[in-house]
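Work out the full structure, taking the sequences as your base and the hints as a guide.
Mapping of the sequence shown onto our numbering: position 270 corresponds to residue 646, and the numbering continues sequentially without gaps.
By construction, these hints were calculated from the structure, which means they are not laboratory data. Hints should not be assumed to be uniformly reliable.
In silico BS3-like pairs for lysine-lysine, Cα to Cα no more than 25 Å straight-line [as the list claims (entries may be wrong)]: (1) Lys403 / Lys635; (2) Lys669 / Lys684; (3) Lys683 / Lys669; (4) Lys432 / Lys590; (5) Lys637 / Lys403; (6) Lys503 / Lys403.
Predicted, not measured: the structure shown is a model, and the values here were computed from it.
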Amino acid sequence: MTDAGGWSTIESDEGVFTSLIENLGVKDVQFEELISLDADTIRSLSPVYGVIFLFKWASGQSRDSAAPQDGTYDRDATDNGLFFAAQTIQNACGTQAVLSVILNQDSLASQSSQAGIDIGPALRDFKDFTTGFPPDLRGEALSNSARIRASHNAFARASPFVDETSRPPVSGEDAELYHFIAYTPFNGVLYELDGLQPFPISHGSCEESAFPEKVIEVLQRRIARYPEGEIRFNLMAVVRDLRVRARDIGDAEMLEREKRKRRAWEWENALRRCNFVGFIGEVAKGVVGMKVKEGEESYNKWIEGAKKETQRRLEMRRGRGGGGDLD
Numbered sequence: 377m378t379d380a381g382g383w384s385t386i387e388s389d390e391g392v393f394t395s396l397i398e399n400l401g402v403k404d405v406q407f408e409e410l411i412s413l414d415a416d417t418i419r420s421l422s423p424v425y426g427v428i429f430l431f432k433w434a435s436g437q438s439r440d441s442a443a444p445q446d447g448t449y450d451r452d453a454t455d456n457g458l459f460f461a462a463q464t465i466q467n468a469c470g471t472q473a474v475l476s477v478i479l480n481q482d483s484l485a486s487q488s489s490q491a492g493i494d495i496g497p498a499l500r501d502f503k504d505f506t507t508g509f510p511p512d513l514r515g516e517a518l519s520n521s522a523r524i525r526a527s528h529n530a531f532a533r534a535s536p537f538v539d540e541t542s543r544p545p546v547s548g549e550d551a552e553l554y555h556f557i558a559y560t561p562f563n564g565v566l567y568e569l570d571g572l573q574p575f576p577i578s579h580g581s582c583e584e585s586a587f588p589e590k591v592i593e594v595l596q597r598r599i600a601r602y603p604e605g606e607i608r609f610n611l612m613a614v615v616r617d618l619r620v621r622a623r624d625i626g627d628a629e630m631l632e633r634e635k636r637k638r639r640a641w642e643w644e645n646a647l648r649r650c651n652f653v654g655f656i657g658e659v660a661k662g663v664v665g666m667k668v669k670e671g672e673e674s675y676n677k678w679i680e681g682a683k684k685e686t687q688r689r690l691e692m693r694r695g696r697g698g699g700g701d702l703d
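Have a look at this one:
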């Protein structure tokens with residue numbers, strides 16, 4: 377992998393990914409975070425186009441060109457129409473996993489019995505342009521797509537202090553690297569699409585109706601390989617826009633709930649684009665200035681009161697068995 381290449385880090389968040397693909401022109405698709413790892417939850421969201429799995433990358437973990445830890449490499453999958461791209465930029469892995477589902481459920485190319493995804497003209501042009509490319513060139517094309525990169529970076533958190541792309545990489549035990557992979561059914565097979573692997577990974581035959589059970593089995597085997605107590609996982613389903621579903625079945629309560637969710641996502645995404653350091657600084661200056669005007673005695677009393685309150689909160693936290701950080 378090369379450096380960040382102009383790609384910022386974005387959060388694994390259902391509102392972020394939903395808005396990202398909408399910015400790229402995808403129609404009537406959203407992401408739903410899955411709290412429980414069970415097939416019934418996935419089935420309740422049908423149609424489900426795939427899932428995105430985020431996990432902590434284990435130190436020393438590497439790609440194996442001979443065989444994956446689970447499943448088998450399908451070296452012919454891309455020749456049979458599967459979109460698979462090698463990951464060339466670290467910060468792009470979330471968007472790459474998202475597109476691994478979206479582009480393989482394209483309504484114009486899908487052989488699925490369920491309605492596919494309208495991927496829109498921008499992604500249609502990208503997919504057509506990269507048809508026939510080997511995975512490494514597809515990865516380079518994705519990483520160098522100005523449209524996709526701009527949509528991705530629109531959801532990066534604003535920071536006036538640190539340029540993550542220039543920070544030296546952390547290695548060894550201190551590294552906290554996370555990775556996204558996609559699972560999606562394609563031509564009757566369940567595929568694991570991991571841009572760090574040399575080929576798509578087949579997990580065997582998988583009819584659409586069996587996808588929830590099949591993908592949960594695969595995920596449970598993967599999670600079982602981690603140390604006991606490891607909980608740093610995140611799972612999101614790629615589903616049909618639930619507002620469309622609510623309208624189709626005439627569920628007014630569900631429709632209103634989904635509309636409220638969208639408004640909350642819009643607000644949260646707007647906050648991600650802002651940094652409040654200047655605002656906080658001005659508030660702090662205003663409060664301090666007000667206390668200074670009240671006189672030195674009042675100012676010192678205020679400072680001492682703040683110190684005592686901080687100490688009280690620290691002692692309360694220690695009494696609960698916590699560390700020294702403030703709540």
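Problem set entry | Restraint status (C-alpha distance of Lys669 to Lys684 at most 25 Å) | 22 Å, holds
For this session: Would you check the hint for Lys683 and Lys669, treating anything up to 25 Å between C-alpha atoms as holding?
Result: 20 Å, holds
Exercise. Does the alpha-carbon distance linking Lys637 and Lys403 stay inside the 25 Å limit?
Worked result: 17 Å, holds
For this session: For the pair we were handed, Lys432 and Lys590, check the Cα-Cα distance against 25 Å.
Result: 22 Å, holds
Exercise. Is it true that the CA of Lys403 sits at most 25 Å from the CA of Lys635?
Worked result: 16 Å, holds
Problem set entry | Distance restraint between Lys503 and Lys403, which requires alpha-carbon spacing of 25 Å or less | 16 Å, holds
Comparing the model with each numbered hint stated earlier shows that all of them hold.
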